[in-house]
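*Asks:* The lines below spell out each chain.
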Amino acid sequence: MNETMKVDRRDAKLAMAHIYVAFVALALGGLAGLLQVLVRSGKFTLPANISYYTILTTHGVLLGLVLTTFFIIGFQFAAMSRTAGTLSNKVRTTGWLGFWLMTIGTAMTAFFILIGEASVLFTFYAPLQAHPGFYLGLTLVVVGSWISGFAMFAHYAKWKKANPGKTSPLLTFMSVTNMILWLVCTLGVAATVLIQLLPWSLGLVERINVLVSRTLFWYFGHPLVYFWLLPAYMVWYVVIPKIIGGKIFSDSLARLSFILFLLFSIPVGFHHQLVEPGIDPAWKYLQVVLTFMVVIPSLMTAFSMFATFEMYGRSKGATGLFGWLRKLPWGDARFFAPFVGMLFFIPAGAGGLVNASHQLNQVVHNTIWVTGHFHLTLATTVVLTFFGAAYWLIPHLTGRVMTKTMNRLAIVQTVVWAIGMCFMSGSMHFAGLLGAPRRSAFSTYGNSPQALEWIPYQIAQAIGGTILFIGIILVLVIVTNLAFFAPKGETEFPVGEVAETAERTPFVFENWKLWIGITVVLILIAYTIPFIDMIQNAPPGSKGYKLW
Amino acid sequence: MHMHKFEKIWLFFGIGSLFVFLTVIGVSAFAQGNQPPSCLTTIDPEKVDQTPPFNKPGLVKTGDNEYQLNIVASAFAYTPSQIEIPKGAKVTINVTTKDVIHGFEMVGTNVNMMVEPGYVNSFTKTFNEVGEFTILCNEYCGAGHHLMTAKVKVVDKQ
Chain E
684 MNETMKVDRR DAKLAMAHIY VAFVALALGG LAGLLQVLVR SGKFTLPANI
734 SYYTILTTHG VLLGLVLTTF FIIGFQFAAM SRTAGTLSNK VRTTGWLGFW
784 LMTIGTAMTA FFILIGEASV LFTFYAPLQA HPGFYLGLTL VVVGSWISGF
834 AMFAHYAKWK KANPGKTSPL LTFMSVTNMI LWLVCTLGVA ATVLIQLLPW
884 SLGLVERINV LVSRTLFWYF GHPLVYFWLL PAYMVWYVVI PKIIGGKIFS
934 DSLARLSFIL FLLFSIPVGF HHQLVEPGID PAWKYLQVVL TFMVVIPSLM
984 TAFSMFATFE MYGRSKGATG LFGWLRKLPW GDARFFAPFV GMLFFIPAGA
1034 GGLVNASHQL NQVVHNTIWV TGHFHLTLAT TVVLTFFGAA YWLIPHLTGR
1084 VMTKTMNRLA IVQTVVWAIG MCFMSGSMHF AGLLGAPRRS AFSTYGNSPQ
1134 ALEWIPYQIA QAIGGTILFI GIILVLVIVT NLAFFAPKGE TEFPVGEVAE
1184 TAERTPFVFE NWKLWIGITV VLILIAYTIP FIDMIQNAPP GSKGYKLW
Chain B
32 MHMHKFEKIW LFFGIGSLFV FLTVIGVSAF AQGNQPPSCL TTIDPEKVDQ
82 TPPFNKPGLV KTGDNEYQLN IVASAFAYTP SQIEIPKGAK VTINVTTKDV
132 IHGFEMVGTN VNMMVEPGYV NSFTKTFNEV GEFTILCNEY CGAGHHLMTA
182 KVKVVDKQ
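Protein chains in written order, with the working numbering: chain E, 684 to 1231; chain B, 32 to 189.
Read the hints as simulated data drawn from the structure, not as lab findings.
From the three backbone atoms N, C-alpha and C, an ideal C-beta is built for every residue, glycine too.
Among these hints, one or two may not hold up.
Said to hold, decoys possible - Computed from the model, here is a short list of chain B residues facing chain E with C-beta under 7 Å:
(1) Ile-56
(2) Val-131
(3) Ile-132
Stated by the list, open to error - Covered stretches of chain B, as calculated for chain E (at least 3 residues, CB under 8 Å):
(4) 66–79
(5) 97–105
(6) 133–146
(7) 156–166
(8) 169–177
Bound-form chain B, shown alone:
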């Protein structure tokens, strides 16, 4: 099948740039560890309140400047809904839901994940700046969906 010379050039650069993009995101994902949130841990959605660590949701110190933030989503709230994080902390956020699918978005950051019944989802972020972040549900979950929110304060403890 014949292709016009210009079309060959066009496709060469077009497809070439696709492969450049794919290489960039592939290296970022597999060599630098920037994978999207894809936690494989499962949980019984009806026993969230009895299953550690979600039986005591909140911020837990796990190491020198390392923390776990365990959050339970349910219609239409996050538990806990007021969170304080010390500046500079490296926080692994674990979220699960007791009922339907929710979203977990920390506005203005790359923390953005789906929260689905039966699964824990997880993402790690270091908070280097003091400030306030809004957490909100970005997956439709019912009549109060747009009221589902929480607040994170990054504070300087020194």
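Bound-form chain E, shown alone:
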């Protein structure tokens, strides 16, 4: 094995570059979020004619696309350098190329949003038409991420060549799986942007097929959330066991769950289009069934995590049914932040099942319930896990150590986040059930008694959002400290070992031809016929509108 204990300094620089951009995005996107909840409380209006929807677009793009993609790619480069050996110069240079393309693309996208030429939200549904620069910027972000993905594949291939007949390191395997998922799903958004939106916004074609564009977007939009989630699962499966002093429950089951995510997270985009015209409900139902299949690897993950915790607690002499809970390192932010994230995933997953439940979706579709849902999944489960990872990853990469004070602050940060999110997401869920729409500025809808009922919940959202903004300030203080001011020293990049009782990992998991083949077949089954229908029975296309 050419596993190194420490990420090479040059690889660390590449990873840190990504992490800096991610946290700058968090700062700006978080500020936008604060302004939104304040506007929706009805007690505050934006100064200088700034539009609520410009702020909303900024928030979605910076936090949904930039924070996540940059952190994930940085984290995965570090994880692969740590577990499959130092990157070759070629791979590293390719990684830098990817980084700069993504960064230039982000700056370009942000520019056109902020000058008000692209208030189309991060889903940019046609026929609302943004400036071509907005679509071009997004294209650069995606192409940059592809280049980094190929760099990771090359690194993996080199490891395989040097270690014939061996099972690849778990973190490397997981990073590769996540990048395959990303490549397959971004083909959809790339297709709609390059073939439809960009030529249309440049005036080369006059009209656009709206339903095809939305369908390509959601072909990408749902696996996108699994692209966010899988790195969190990497931390849970591989890093957390080492932090608590335990072992990985099973290497094979961890790999199996990742393969299941690859297979089932893509052919499910229709569950975002359940109340949409132009798609036969039987095809919607098929994708609902496939959506439910993607719950299985999450059930497996939940089992593995708690098995690891219990095995560790019992090995330390815990007794009784729940005695092992007391043995866990509650004072260690590297464990505590991701653990709180895991707890939030329980209601988050249950809410997700509601959203995907065919006709039940009508109750909550496009209400603020949905916003509440993904502020649990992405903005709590994933983000708290990323914060927890940053607490060892950043000092490892910068050659520093986290002080006790910073660790305590990180514990406080996690508690602040949990409280703020209970207020904000909780009241979003309740208001959503009462019908309050998502993605809308403050409105009483002509003093409608139904809309007036939502206002107390909107005030609760503003309180929760303000608490969360304090949480963002805290994490930025910690991250800045870890990157620039913490004492010099060595911090471990924790990588768990597999429990002795676990069996050997079968080779079938690295049969990529097989898994990619099944993925493609499932996508073709779920999409071919409805997609042909959409094109054959297409209505006249739409011209572009700029209604903001």
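Given chain E, work out where chain B should sit, using these hints.
*Replies:* Chain B alone, transformed into the frame defined by chain E:
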């Protein structure tokens, strides 16, 4: 590949309940007809005003206690925006848009659908209680999105 006995039990009940859920919503959809709004009718979005029934939007009686409510969405209004429905009426709501994508949500009911250029979307509901409902746009459509609304009054005609 070995699985722990407890994991087998956990997955058996977990996956089992997924299939129970799927059966419940599947029976509701295919046997009882509770499908989500998925109308397949297309329309030229630039000729909505000339295309029946949207050339004369509003409530039309189609049978004994059965009605069609045809609504045109456009930035940032619904036509008509004040609607009266007799109590007990079974109403098929047809909506289309003249410009961008809109939402059509009747607050407090299961009437919630996407309205997309080129398509008609449709949902049928029986109004058994008198009262007032707010209709609003729940898909971002531009600067006036949050002002896009209409009112439905269910009235007792006897």
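*Asks:* Determine for every hint whether it applies to the structure shown.
*Replies:* Hints versus structure:
1. Ile-56: holds (5 Å)
2. Val-131: holds (5 Å)
3. Ile-132: holds (5 Å)
4. 66–79: Answer holds; 12 residues pass the 8 Å Cβ test.
5. 97–105: With 0 residues in contact (Cβ-Cβ under 8 Å with chain E), the coverage given for the segment 97–105 of chain B is violated.
6. 133–146: Satisfied; 10 residues make the cut.
7. 156–166: holds (count 3)
8. 169–177: holds (count 9)
Hint 5 from the list above is the single one not met by this structure.
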